[in-house]
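Engineer: Next come the chains, spelled out residue by residue.
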Amino acid sequence: MVKELIKTKNLKLWFTDNYVLHDLDFTVYEKKITALIGPSGCGKSTLLRSFNRMNDLIPECKIEGEILLEGQNIYDSKADVTDVRTKIGMVFQRPNPFPKTIYNNVAYGLQIRGEKRKSVLDDVVEKSLRDAWIWDEVKDRLHTSALSLSGGQQQRMCIARALANQPKVLLLDEPTSALDPKSTAKIEELCIDLKDKVTILIVTHNIAQAGRISDYTTFMYLGDIIEFGETKRVFTVPKDKRTEDYLTGVFG
Amino acid sequence: MKVFKEILFKAVTYFAAIFSILALFGIILTLFMEGIPMFQEVSLREFLFSSAWYPTNEHQSFGALALFFGSLAVTIGALVIAVPIGLGTAVYISEIAGSRTKEIIKPMIELLAGIPSVVYGLFGMAFLAPFLIRNIGIDSGLNIFTASIVLGIMIIPIISSMSEDALSTVPRALREASYGLGATRWETITRVVIPSAKTGIIGSFVLGFGRAIGETMVVIMVAGGAAQIPSSVFDPVRPLTTSIAVEMAETVLGSIHFHSLFALAIMLFIITFITNLFTELFLFKKVK
Numbered sequence: 001m002v003k004e005l006i007k008t009k010n011l012k013l014w015f016t017d018n019y020v021l022h023d024l025d026f027t028v029y030e031k032k033i034t035a036l037i038g039p040s041g042c043g044k045s046t047l048l049r050s051f052n053r054m055n056d057l058i059p060e061c062k063i064e065g066e067i068l069l070e071g072q073n074i075y076d077s078k079a080d081v082t083d084v085r086t087k088i089g090m091v092f093q094r095p096n097p098f099p100k101t102i103y104n105n106v107a108y109g110l111q112i113r114g115e116k117r118k119s120v121l122d123d124v125v126e127k128s129l130r131d132a133w134i135w136d137e138v139k140d141r142l143h144t145s146a147l148s149l150s151g152g153q154q155q156r157m158c159i160a161r162a163l164a165n166q167p168k169v170l171l172l173d174e175p176t177s178a179l180d181p182k183s184t185a186k187i188e189e190l191c192i193d194l195k196d197k198v199t200i201l202i203v204t205h206n207i208a209q210a211g212r213i214s215d216y217t218t219f220m221y222l223g224d225i226i227e228f229g230e231t232k233r234v235f236t237v238p239k240d241k242r243t244e245d246y247l248t249g250v251f252g
Numbered sequence: 001m002k003v004f005k006e007i008l009f010k011a012v013t014y015f016a017a018i019f020s021i022l023a024l025f026g027i028i029l030t031l032f033m034e035g036i037p038m039f040q041e042v043s044l045r046e047f048l049f050s051s052a053w054y055p056t057n058e059h060q061s062f063g064a065l066a067l068f069f070g071s072l073a074v075t076i077g078a079l080v081i082a083v084p085i086g087l088g089t090a091v092y093i094s095e096i097a098g099s100r101t102k103e104i105i106k107p108m109i110e111l112l113a114g115i116p117s118v119v120y121g122l123f124g125m126a127f128l129a130p131f132l133i134r135n136i137g138i139d140s141g142l143n144i145f146t147a148s149i150v151l152g153i154m155i156i157p158i159i160s161s162m163s164e165d166a167l168s169t170v171p172r173a174l175r176e177a178s179y180g181l182g183a184t185r186w187e188t189i190t191r192v193v194i195p196s197a198k199t200g201i202i203g204s205f206v207l208g209f210g211r212a213i214g215e216t217m218v219v220i221m222v223a224g225g226a227a228q229i230p231s232s233v234f235d236p237v238r239p240l241t242t243s244i245a246v247e248m249a250e251t252v253l254g255s256i257h258f259h260s261l262f263a264l265a266i267m268l269f270i271i272t273f274i275t276n277l278f279t280e281l282f283l284f285k286k287v288k
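The listed protein sequences derive, respectively, from chains A and B. Count the first sequence with the numbering used here and you get residues 1 to 252, in order. Count the second sequence with the numbering used here and you get residues 1 to 288, in order.
Excised from the complex, chain A in its bound form (with noise of 0.2 Å):
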């Protein structure tokens, strides 16, 4: 039984006058890992950016509609930003940890809510490394500076210090397009080892990618979803004829 844990209702987004998310609607269901596909400026990183409210840093941008985190609406004049921002985590394209140790990056969002005892520090540390499987290649090393990693090395702690919130749902925006076959292949594997725990939403241009980690995947063209759909019958039989010629590379 799968359980709805997002819904967007009419969500319009503009950056100035540019009409960027068409009046779209859409469900992300609890603990699959649901991919965003479509070519590039088809507005998926705007819509994925639009779940934790990072669109807000942004001046120019204007949103109108709902996004309900278990009935609960993130963009509600009530609702706390941060607060959202720790339940819906985020991993960027490019790697991007902080010139800081390795420990105080994962240690990071416990740190700014105030948490000092370091017995519960180390403990997330540890498990939010485990469960990003960098633990065993950086246990000796926590105390040096997170820069020294190499890129998949700080793709998976950036995906540790995400976990670290202990996130309903893992935003990740093209997390491996910076990487190289092997980092890409392990935070593959990793995905789907953390859907138990987490409920992801990727965005990626490696269609591959999405055939490969994804029960759910959605296509966008032009700021609409053109179509949505368990990943297997997407891939195997689109209805629209555009998300046909996107798969088979007509167009990209």
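I should point out that these hints are in silico values taken from the structure, not numbers from a laboratory. Bear in mind that the values here come from a model prediction, so they are computed numbers and not experimental data. Be a bit skeptical, because a hint or two may be false.
Just a sample of chain A residues kept apart from chain B, beta carbon distances all over 10 Å, derived [said to hold, decoys possible]:
| # | residue |
| --- | --- |
| 1 | Gly41 |
| 2 | Tyr103 |
| 3 | Ser183 |
Estimated spans, in silico, between C-beta atoms of each pair [what the hints assert, rightly or not]:
| # | chain 1 | residue 1 | chain 2 | residue 2 | range |
| --- | --- | --- | --- | --- | --- |
| 4 | B | Met108 | A | Ala208 | 52 to 58 Å |
| 5 | A | Lys182 | B | Thr275 | 44 to 50 Å |
| 6 | A | Gly41 | B | Ala173 | 19 to 25 Å |
| 7 | B | Glu6 | A | His22 | 55 to 61 Å |
| 8 | B | Pro171 | A | Pro39 | 23 to 29 Å |
Where a beta carbon is used, it is the ideal one built from N, C-alpha and C, also for glycine.
Start from chain A and add chain B according to the hints.
Structural biologist: Showing chain B alone in chain A's frame:
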């Protein structure tokens, strides 16, 4: 013809570079050649550790300690004022102000940097000093306190514009990472943005320090001019630069007094040299 142009171009830039280096060595050489002869008459110990600066008395003495303290006091005072205000301004401009506010504030602060120091001195003498006498009941308004405020205002634009540069080069990705983890703007600024820009920020403090300790006109006008080790912030002091600039006109060429002023200049040079060296070595060393 083309080859000749290439050679000419290379030669011109080469000599331009050589010229600045020669000027540097020329200045250092003059300082030491004119400064060192003083030590034939005055011991290094007296110069460094005595606070009696009586260059024109019948029993001359050349203890530079009080002058050194004078310079240090007004410079530290200036930093106490300029560091929080300069950094605060930088954070406001880079992180908080909207683009229109930024366009207004930035050039105004840069304008502050363009005011000649003698104008700052006038402001201190004619406005600040009488204001302090009236309002905090001190006898003279020309003291460490006044000098610190005036020097502080003078170095605010140095600190704020250099810190602002450092803050605005912090990648957007780091801010997003912080916001994405549920941090507020304040937490993002204090825990991520400022620490990431710390090299440039500390660099701005050092630059401000160098500017304040070398400033001459302002301290001549508002520091009070008394060669004594201060016991309160409302005491007048005589910084190294004041002695050099004011007394040079009264000395006899080649006298001990004449040479002693060069020795003061060496002291000033060494202070700034050490600060710069310190920053180069510890701050700008690339972290592995």
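Engineer: Hint by hint, where does the structure go against what was stated? Just the numbers, ascending.
Structural biologist: none
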